[in-house]
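One letter stands for each residue in the lines below.
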Amino acid sequence: MAKEPNLSHTAAIILQAINAGFFYGFSIMEMTGLPSGTVYPAMRRLERDELIRSHWERQSIAEAEQRPARKYYKLTALGKATIEASRKRYPLLERLIPSEEAKSV
Amino acid sequence: MNPSLAFLLRGLQQRLLSSASPLVPAKERAEWRREWQSELWHVRQACAPIDGDSWRAERQVTAFCVGAIQDAICLRRHAWQRTPPFYSLQGSASKCLLLLVAILAGSYALALLLPGVRVESHPSWYQVRPGTILIQDARYNNEAAATISADRYRLWKAKRQRYFDGFAFYQMSKQSVSAGSGAEAGLAIASGSSNLFAMLGLQVQLNGRTDARGSTTPSVILSQEIWKRFFKSDPAIAGSTIQVGGRLATIAGVEPDGAWRLPGRPDVWLLEPDSEIKSSGVGYVVAHLTALGRSEMWAHRVHITDYNEDDTGQDLWGISFEERTRGPWGVYQFTVMLAFLALPAITSFSLGEYSVSSHRPSWPRRLRCWGFLAAKIALLLPIVYYASLDLAFWFTTRYSPAAQYIQLLSSFSICLFGLQWTLLDQRQRCPVCLRRVSNPARVGHASWTFLAWNGTELMCLGGHTLLLVPGLPTSWFSTQRWLYLDATWDFLFAGSGVG
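Top to bottom, those sequences are chains C and R.
Positions 1 to 105 (the working numbering) are the ones given, in order, by the first sequence.
Positions 106 to 604 (the working numbering) are the ones given, in order, by the second sequence.
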């Protein structure tokens with residue numbers, strides 16, 4: 001089994017934000033308060049390490065709303081396992097950015 | 106906010122994105138631009154105030170765009186990390202040669218830009234007539250010291266000589282020079298006999314008359330620096346007059362930059378008949394040897410005894426100009442020879458082409474290996490020459506002793522360590538494909554030395570060979586050996602893409 005990567009605090013926050021339903025770069029920036037120069041490079045690294053994956057929104061949806069299509073990010077299975085491990089390392093993470101499951105509870 | 110300022114800021118935001126995009130690897134660039142343009146649109150929508158443009162909103166959007174540069178750098182770094190070692194410069198033979206060609210082109214281009222190197226590329230400017238010597242009193246060790254009086258020079262010139270067929274004289278002094286434009290300055294003047302430049306065989310720019318015979322005014326030759334400073338490099342200056350030490354003199358020409366290699370560094374040469382040269386003080390005597398005189402020359406020197414009327418002799422040395430006017434080429438040849446002699450002291454000449462099995466590469470492959478080594482050395486030698494010239498003439502335009510010393514040291518060091526690198530590099534190149542072996546792996550322990558072997562194994566990425574380098578050289582495994590891999594290994598390297 002592949003070893004789970006050790007996440008930096010910033011990467012853990014971004015991963016938690018995606019897990020909490022903030023699926024694109026600008027929403028993560030707004031949620032975390034991190035600048036674009038930190039958020040986007042961190043997301044590239046997370047995608048390289050296969051913790052998240054990206055996909056483009058369907059053009060028809062964007063056109064219907066008269067805006068450009070966005071690129072969305074989602075957690076992979078490895079990403080979900082990593083965020084679980086990261087919560088133990090950074091216990092305040094869940095309280096800072098409550099995930100969808102935590103909100104529903 | 107001012108609409109024109111808002112327009113400027115929007116232009117800046119787009120400019121930031123377009124400046125950052127070349128940093129992104131070409132394959133990912135289009136998608137990267139699409140994502141950032143999309144995000145920028147959304148950021149503008151989120152930040153735009155309802156009542157129109159605001160300074161705060163535009164500042165936020167601009168700050169967002171600045172992040173694109175960091176993002177692009179991050180993607181570029183990832184691309185570099187993904188690049189396999191096969192593509193590195195040290196990988197293939199052709200890339201190694203290209204790197205050397207690039208270094209050579211760089212050092213040559215730099216040499217062309219340095220004025221000192223341009224002078225040295227015209228040896229005819231500074232080389233004196235063969236058989237010309239500088240006569241000095243043997244009691245003085247300093248070759249740059251003036252030791253002969255003008256009266257003594259006149260005496261030698263008046264006597265019939267067997268060993269010399271010509272004499273010239275000059276002495277250094279500081280005199281005021283005033284040009285027609287009213288500029289006046291105290292300059293270093295070499296007051297010399299009218300035949301000085303003709304005796305040395307030095308060419309003069311602007312092709313003026315240097316022999317003052319038959320003229321009422323002495324001739325003057327200007328140094329390049331004075332010609333540029335006082336006369337703004339005027340090409341029509343020959344024939345005009347200036348005042349040197351209160352006397353009128355006719356400008357005969359300009360010394361080519363760096364041509365004067367004799368003691369003293371004159372700004373102006375004042376050439377006049379022997380009778381006009383001041384008797385006071387001492388100067389330098391230049392003489393030209395006859396064939397008989399040249400036969401007496403040994404180690405660029407000739408011993409001369411000058412007998413006075415009372416038959417007492419005075420020892421003099423005639424020092425050849427060959428040493429002074431040898432130029433950087435001689436130093437280069439000497440240091441290259443020295444580096445080749447010193448090379449065995451720092452590395453072995455062995456290329457370690459010993460095979461573990463009886464397999465030997467074919468003749469064409471071995472010739473290719475030797476050809477590659479020869480090509481590297483052939484490229485290294487001009488690199489040594491031009492790089493050492495670049496260093497020697499970096500701070501100076503004249504081939505001074507300091508420049509000579511820098512050239513000597515740099516030429517020797519670059520040549521010696523360059524040759525060492527050439528051999529070390531050759532030892533680590535697969536004899537089949539000439540690619541550098543990589544992926545070193547430690548094998549065994551030091552305690553295995555007498556039962557098995559320990560050392561480092563390196564692999565050719567093309568799957569041709571393994572290089573075995575012993576950790577502790579023994580009598581039965583003292584140098585590195587190549588293990589040639591047969592076809593059964595091919596499956597391991599199927600995906601490498603290296604032929």
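Where hints are given, some of them may not hold.
List time: in silico DSS-like cross-link candidates among lysine-lysine, alpha-carbon distance up to 25 Å [stated by the list, open to error]:
#1 R:Lys132 x C:Lys71
#2 R:Lys200 x R:Lys279
#3 R:Lys200 x R:Lys132
#4 R:Lys132 x C:Lys74
#5 R:Lys132 x R:Lys262
#6 R:Lys132 x R:Lys264
Think of the hints as simulated: they come from the structure by calculation, not from any bench.
Status of each hint after checking the structure:
1. R:Lys132 x C:Lys71: holds (17 Å)
2. R:Lys200 x R:Lys279: The hint is violated at about 58 Å.
3. R:Lys200 x R:Lys132: Holds: R:Lys200 and R:Lys132 sit about 23 Å apart, inside 25 Å.
4. R:Lys132 x C:Lys74: Holds, at roughly 22 Å.
5. R:Lys132 x R:Lys262: violated (83 Å)
6. R:Lys132 x R:Lys264: violated (87 Å)
Figure legend: structure checked against the earlier numbered hints; hints not met, in rising order: 2, 5, 6.
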